[in-house]
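K.L.:
In case you want the letters, here they are:
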Amino acid sequence: MSEAGTQGAEAAAASAPRPGTAPRPGPARRLGRALAPLLWLGPSIALIGLVVLWPVVEMVRTSLLRISSSGATLGSAGAGKYTDLFADEDFWPVVLRTLGWVAGVVVVTVLLSLALGQLLNARFPGRRVVRWAVIVPWAASVLMTSLIWRWMLDNDSGLVNRVLLDLGVLDEPVNWLAHPTQAMLWMMWVAVFVSLPFTSFVILAGLQTVPGEVYEAARVDGAGTLRTYFTITLPLLRPAVLIASIINIINVFNSFPIIWAMTGGGPGHATDTTTTFMYKLAFADQDVGMSAAMAVVNFALILVLVLLYLRASRWREETR
Amino acid sequence: MKRHLTGVIAAGLTVALGVSACGKGSSSSDGDGGGKTIKFVAAIYDDNTQGYWDQLIKDFEAKNPGYKVQLEMVDWTVMDGKVKTYVQTKQVPDVLNYNSFSDYARDGLIYKASEVVSPEVLGDFTPTFVEQAKYQGEQYALPFISSARLLFYNKDLFKKAGITDAPKTWDEVKADAQKIKGSGAIGYGLPLGPEEAQAEFYSWAMNNGGGWVDASGKWAINQQANVDTLNYLRDLTKSGLTQPNPETTDRKKVFNQFAQGRIGMAIGGPFTRAGFIDKVNKDLQYGIAPLPSKSGSEHNTLGVMDVLAAFKKDGGKNKEAVKKFLDFYYQKENTAKFLKLENFLPVTKSAGDALSADPYFKQFVDALPASKFAPTTNPAWTAVAGAVKQDLGSAVAGQEPKKVLDKIQQTAEKSG
Amino acid sequence: MRPRTIVLTGVGWLVALIFLMPYAQMLLTALKPEPELTRSPGGYVPQHWKFGNFVDVWSQSDIWQSIQVSLIVSAVATLVTLVCALPAAYYTARNRFRGRGAFLLLVLVTQMFAPTALVVGIFREMVALNLTDTLLALILVNSAFNLPFCVWILHGYFASIPRELEEAAFLDGAGRLGALTRVTLPISMPGVVTAVVYTFISAWNEYIVALTISSSPNRKPLTVAIPSFVTLYQEHWQFLFATSLIAIVPVVILFVFIERYLVGGLTAGSVK
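Line order of the protein sequences matches chains A, B and C. Per the UniProt record's numbering, the very first residue in the first sequence carries number 1; after that it's consecutive. Per the UniProt record's numbering, the very first residue in the second sequence carries number 1; after that it's consecutive. Per the UniProt record's numbering, the very first residue in the third sequence carries number 1; after that it's consecutive.
Honestly, the hints are just simulated from the structure, not real lab data. Be aware that one or more of the hints could be misleading.
The following residues of chain B were derived to be distant from chain C, with all beta-carbon distances above 12 angstroms [as the list claims (entries may be wrong)]:
#1 ASN281
#2 LYS312
#3 LYS402
With a cut-off of at most 16 angstroms between alpha-carbon atoms, the simulated EDC-like pairs for lysine to aspartate or glutamate come out as follows [to be verified]:
#4 B:LYS414 - A:ASP84
#5 B:LYS403 - A:ASP90
#6 B:LYS372 - B:GLU131
#7 B:LYS252 - B:ASP235
#8 B:LYS179 - B:ASP165
#9 B:LYS252 - A:ASP90
#10 B:LYS282 - C:GLU164
#11 B:LYS279 - C:GLU36
#12 B:LYS238 - B:GLU400
#13 B:LYS252 - C:GLU235
#14 B:LYS90 - A:GLU58
#15 B:LYS294 - B:GLU172
#16 B:LYS294 - B:GLU333
#17 B:LYS403 - A:GLU89
#18 B:LYS324 - B:GLU120
#19 B:LYS279 - C:GLU164
Among chain A residues calculated to face chain C with C-beta under 10 angstroms, some are [stated by the list, open to error]:
#20 TYR82
#21 ASN155
#22 ALA205
#23 SER255
#24 VAL296
All figures in this text were calculated on a predicted structure; none of them were measured in a lab. Virtual Cβ for every residue (Gly too), placed ideally from N, Cα, C.
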C-alpha cells in the first residue's frame with residue numbers, strides 16, 4: 001500500500017495542474033493531493049490485497065513445493081511441478097479444450113445477447129414478462145441450473161430423451177453426458193444459458209444510453225434498419241460489448257460448477273477444463289503442488305487471452 | 001462462563017456487520033483451554049447417520065460432564081476435498097471417520113491405536129481388520145465398519161432367460177448376460193464411473209489372480225492378469241451386455257435399476273438391500289452368490305473397511321478426551337446399533353454375532369474372513385485410488401486397457 | 001408496424017418459454033414421489049402430485065437456516081463491495097494521476113483469479129486470521145472477488161457522464177459531494193444496480209469457498225446445503241429441486257422489482 005502512496009505522490013508532483021482548476025497549490029495542499037488517491041482507492045486496495053493477493057502468493061509458493069499427500073511439506077520442487085504438469089498427457093488436450101470452451105461460449109453468448117438485448121429493448125406486449133423470464137437463470141444459482149440440466153439429460157428418466165423419443169427424432173435413448181463431444185456441447189449450451197441474462201442486460205443497458213435523437217437523425221438521412229444498426233448502434237454499444245466480453249471470458253474460463261455438476265470432467269479427463277483439472281489434481285491425484293502449478297498456468301492463460309482481446313479491441317482508447 | 005476478549009470482539013464485529021447468527025467467538029474459545037472439547041468429523045452414510053451421532057454425543061456428554069464433542073457431518077462425495085484441506089492447513093479434527101489413514105501415520109499426524117483406546121477395545125477388533133489398520137507393523141487406525149461384496153442376481157430374470165444357477169465362471173457370466181439380454185433386460189450392471197471404479201474392478205481382477213500389488217508388495221497395476229480383466233469387462237461392454245456407458249455409471253444407478261428389475265446381475269454389498277432394493281421393490285426376487293472367477297475354482301470377496309483415526313493436536317492435550325470418546329463409541333451396544341442402522345458388517349468380535357442371525361447378513365459375514373482388501377496400508381493408495389476412479393472407466397470406452405493401466409501404474413510409482 | 005409487433009411478440013414469448021422451461025421441469029420433478037423419479041422413460045408430469053415434498057424438505061432439513069446464511073452473506077458482501085468500489089471507480093474516472101493505470105490493471109488482474117484456483121490459499125489465510133467457519137470470511141471473500149467487476153462497471157458509467165454536468169451542479173453551489181450524490185450517482189444508477197445485482201448473485205452462487213470454509217450447519221449457505229440431497233448412497237432429487245425452487249423464488253422476485261432500475265430509462269434523458 002505504501003507503494004501506491006508514493007506512486008500517487010509522484011503522480012501529483014509530476015502532473016501539471018489541469019486547465020481550469022485553481023492556481024498552483026502550496027506544499028501542504030500538494031501533500032494533501034498526493035494522499036487523495038489513497039483515500040479514494042484505499043479500501044479497494046486493502047480488500048484486494050488482503051483477500052486476493054495473499055492467497056495468490058500462497059499459491060505461487062505452493063507450486064514450487066513438494067507436498068506429501070497428507071500435506072507435509074517435503075522441500076522445494078523447483079520448477080519440477082511445472083515440468084510434471086507439461087509432461088502430463090492430459091495437460092495439452094485440457095488446455096486446448098478450455099480455449100475452445102471459452103471461445104465457443106463467449107462468442108455465442110455475445111451474439112445471442114446482441115439479438116436478445118435488441119428484443120428486450122423493442123416494444124411489444126408482454127415485454128416486461130419476457131425480461132423477467134430472461135433474468136431467471138441469473139437469479140437461480142448456476143449450480144442449481146446445471147443440476148436441472150443434468151437431470152433433464154439423464155439417460156433413462158430425462159426429459160430431453162423423452163421429448164426426442166416422442167417426436168421420433170431418436171429411436172433409443174442417448175446417454176448425452178457420457179459421450180465427451182455431446183457432453184461438451186450440452187455443457188457449453190448450459191454455460192451460454194446462464195451467461196445470457198447478464199450479458200443481454202449489459203447490452204440492454206448499453207442500448208438505453210444511446211440517445212433517441214441519433215436514430216431520428218439516421219431516419220431523416222434515410223438509412224435502413226440494418227445500416228442504422230451496424231453504423232450507429234453497434235459502435236455505440238462497444239463499451240458494453242467490451243465489458244460483457246471480458247467478464248464472460250474470465251467467468252467462463254474459471255467456471256467450475258457447470259462441468260463439476262454435469263460430468264465431473266469425465267469420462268476420464270475427456271470433458272475437463274483447466275479449472276476442473278486443477279481441482280482433480282489436488283483432490284483426486286493428491287498432488288497439491290501440481291495443482292497449484294496448474295492454477296498459475298491457468299492464470300497466465302487468462303491473462304494472455306484478455307490482453308489479446310483488449311489489444312484487438314483497442315482497450316486503451318476506452319480508458320484514456 | 002465468562003467470554004474471552006476475542007470472543008467479545010468477534011461477537012461485536014459480527015453484530016456490527018449484521019451477522020446475527022454467528023457466534024463463533026464464544027464456542028471456539030470455551031473449551032480449548034483444558035483440551036476437553038474435541039472435534040469429530042463423521043461421514044454421512046445415509047439419512048440416519050447424523051441422528052445416530054447426535055444421540056451418541058448427547059449420551060457421551062451426559063455421562064462425562066465437562067467434555068464436549070463438536071460434530072461435523074461430511075458427505076462422502078466431498079470428503080476427500082475436505083480432509084485434504086484440513087490436513088494441508090493443519091486444521092485437523094481430533095477424530096476422523098474416513099477410509100484411509102496410512103499417509104497420516106507415515107507423516108506422524110495420528111496417534112497409535114493403543115494410545116487412544118483401552119486394551120479391551122483393542123483386543124476386541126477382529127484380526128483380519130487389525131491387519132488392514134497397520135502401518136509398518138504398528139496399528140494406527142481403528143476399524144470402524146466393514147463391508148463385503150457379492151454377486152446379486154435377479155431370479156425372475158434368470159428364470160425368464162432360462163438360467164438355473166448363478167454363474168461361477170466369467171464365461172458363464174457372459175453367456176448368462178447374453179441370455180438375459182435376449183429376454184429384454186440388461187445382462188450385467190457395470191459401474192465403472194468415477195464414484196467407485198476401483199472396487200468394481202478389483203472385485204473382478206482378484207478373481208483372475210490380479211490385484212494392485214505383486215507378492216513383494218510392489219505396485220503391479222499393469223500386470224497381465226489386470227489387463228485381461230479389463231479386456232473382459234471391455235468385451236462385455238462392447239457386446240452390449242452391460243448398461244450403456246459403464247465409464248460414467250455410478251453404483252447408485254446400477255442398484256436402482258437392479259431393484260427395478262431391469263438388470264440381471266450386479267455386484268452389491270450388505271447395504272444394497274435396505275439402501276436400494278427395499279426402497280423400490282420389497283418383493284424383488286433376488287439371490288446372492290460368490291463373485292464369479294475366471295477359472296471358477298476359487299472365489300475371492302472384496303472386503304472394505306472404513307476407519308476412525310485420532311489426530312495429534314496441541315502436543316497431545318486432546319488425548320484424554322479422544323480416548324474417553326472412542327472407548328464410549330466402542331461399547332458393544334453403541335457399535336452394534338450403528339452397524340444395524342447403517343447395514344454394515346462388524347469389525348469387532350463382540351458385535352459380530354448380533355448380525356449373523358439375519359441370513360441376508362450371514363452370507364456377507366461368512367465371506368469376510370476370505371476377503372481381500374485394497375492396499376489402504378500403503379500411503380500412496382489414496383493417489384492410486386484417485387487415478388483409478390478417474391481413468392479406469394475410459395478403458396471400456398475409447399482407450400486401450402493396457403495403456404490406461406500403464407498410466408495408473410506410473411501414478412502409483414510416482415507417489416511412492 | 002403491425003406485423004413487426006406480432007413477430008416480436010411471438011419471438012419474445014418463445015424466448016421466455018425457453019428460459020423458463022428448465023425451471024418448470026424443476027418444479028415438476030420436485031412434485032414427484034421418489035419412485036417415479038427413476039422410472040424409464042421419465043414422465044412429463046407427476047402421476048401422483050406430491051406437494052408434501054415441499055413440506056418435508058422445509059420441516060426436515062435446515063434450509064431456512066441456509067437461506068438466512070446465503071442472504072446475510074450476499075447482502076453484506078454486496079454492501080462492502082459497493083462501499084469500496086464506488087469511491088475508487090469515481091476517482092479513477094474523474095482524475096488523471098500516476099498509478100491510475102496500475103490500479104486499473106490490478107483490478108483487471110484480480111478479476112482473473114477465481115476462488116476455485118485459490119481455495120487452499122484462501123483457507124490457509126482464514127486459518128491464519130482465525131476466521132474459518134465464520135460468515136465474515138465468506139463475506140470478505142465474496143466482496144473481494146466481486147470488487148473488480150464493480151469497479152469496472154462503475155468506472156465505465158462515471159466516465160460516460162460528462163464532467164460539465166457535474167460542474168454545473170458544483171457551480172450551482174452543490175459542493176463536490178453534493179454534485180456527486182445529487183447528479184452523478186442518480187445518472188449512474190443503472191450501473192450501480194448492475195453492480196449490486198452482479199455481486200449479490202455471484203455471492204449467492206459461490207460454492208467452493210463456502211464448501212471449504214464453512215463446517216457448522218448454521219454457517220452453510222444454500223449452495224453447500226443443496227447438493228447434500230444427492231449423496232453417495234441415495235438421490236433425493238425431488239428434495240434437491242424443491243429446495244432449489246424455494247431458494248430461487250425470492251431472488252427472482254427481488255429481480256422483478258429491481259429490473260425497472262436495471263434497465264429503467266434513467267440514463268436516456270439526462271446524458272444529452
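K.L.:
Hint by hint, note whether the structure agrees.
P.N.:
How the hints compare with the structure:
With a least CB separation of 9 angstroms from chain C, B:ASN281 falls inside the 12 angstroms interface cut-off, contrary to its annotation. Non-interface status of B:LYS312 relative to chain C is upheld: no Cβ of that chain comes within 12 angstroms, the nearest being about 17 angstroms off. For B:LYS402, the requirement that its beta carbon stay farther than 12 angstroms from each beta carbon of chain C is met, with the minimum near 31 angstroms. As the CA atoms of B:LYS414 and A:ASP84 are separated by approximately 11 angstroms, the hinted pair is consistent with the 16 angstroms bound.
Taking the CA atoms of B:LYS403 and A:ASP90, the gap is about 13 angstroms. The hint holds against a cut of 16 angstroms. Between the alpha carbons of B:LYS372 and B:GLU131 the distance comes to roughly 11 angstroms, so the proposed pair stays at or under 16 angstroms and holds. Of the pairs offered as hints, the one joining B:LYS252 and B:ASP235 is violated, with about 23 angstroms between alpha carbons and a cut-off of 16 angstroms exceeded. Pair hint B:LYS179 plus B:ASP165 holds up; C-alpha atoms about 13 angstroms apart against a cutoff of 16 angstroms.
In summary, the hint linking B:LYS252 to A:ASP90 is not supported, as the alpha carbons are separated by about 28 angstroms, beyond the 16 angstroms threshold. This hinted pair does not check out: B:LYS282 and C:GLU164 have alpha carbons roughly 79 angstroms apart, beyond 16 angstroms. Distance restraint check for B:LYS279 and C:GLU36: the Cα-Cα separation of roughly 12 angstroms lies within the 16 angstroms cut-off, and the hinted pair is therefore satisfied. A hinted pair counts as satisfied when its Cα atoms are at most 16 angstroms apart, and B:LYS238 with B:GLU400 qualifies at roughly 13 angstroms.
About 8 angstroms separates the Cα atoms of B:LYS252 and C:GLU235, which keeps this hinted pair within 16 angstroms; it holds. Our distance criterion of 16 angstroms between C-alpha atoms is met by B:LYS90 and A:GLU58, whose separation comes to about 15 angstroms. For a cut-off of 16 angstroms, the pair hint linking B:LYS294 to B:GLU172 stands: about 9 angstroms separates their Cα positions. Restraint check: the Cα-Cα separation between B:LYS294 and B:GLU333 comes to about 41 angstroms, which exceeds 16 angstroms; the hinted pair is violated.
Proximity of B:LYS403 to A:GLU89 is assessed by CA-CA distance (about 12 angstroms); at most 16 angstroms being required, the pair is judged to hold. Distance check on the hinted pair: B:LYS324 and B:GLU120 sit about 13 angstroms apart at the alpha-carbon level, within 16 angstroms; holds. Proposed proximity of B:LYS279 and C:GLU164 is contradicted: the alpha carbons are some 72 angstroms apart, above 16 angstroms. For A:TYR82, the interface hint is violated, the least distance from its beta-carbon to any beta-carbon of chain C being 15 angstroms, above 10 angstroms.
Because the beta carbon of A:ASN155 sits about 8 angstroms from the nearest beta carbon in chain C, less than 10 angstroms, this interface hint is met. With 10 angstroms as the threshold, the beta carbon of A:ALA205 comes within range of chain C, its nearest partner Cβ sitting at about 5 angstroms, so the hint holds. Restraint check, A:SER255 versus chain C: the minimum CB separation of about 8 angstroms is within 10 angstroms; hint holds. Hint status for A:VAL296: holds, given a least beta-carbon distance of 9 angstroms to chain C, under 10 angstroms.
Violation of the numbered hints given earlier is confined to hints 1, 7, 9, 10, 16, 19 and 20; the remaining hints are satisfied by the structure.
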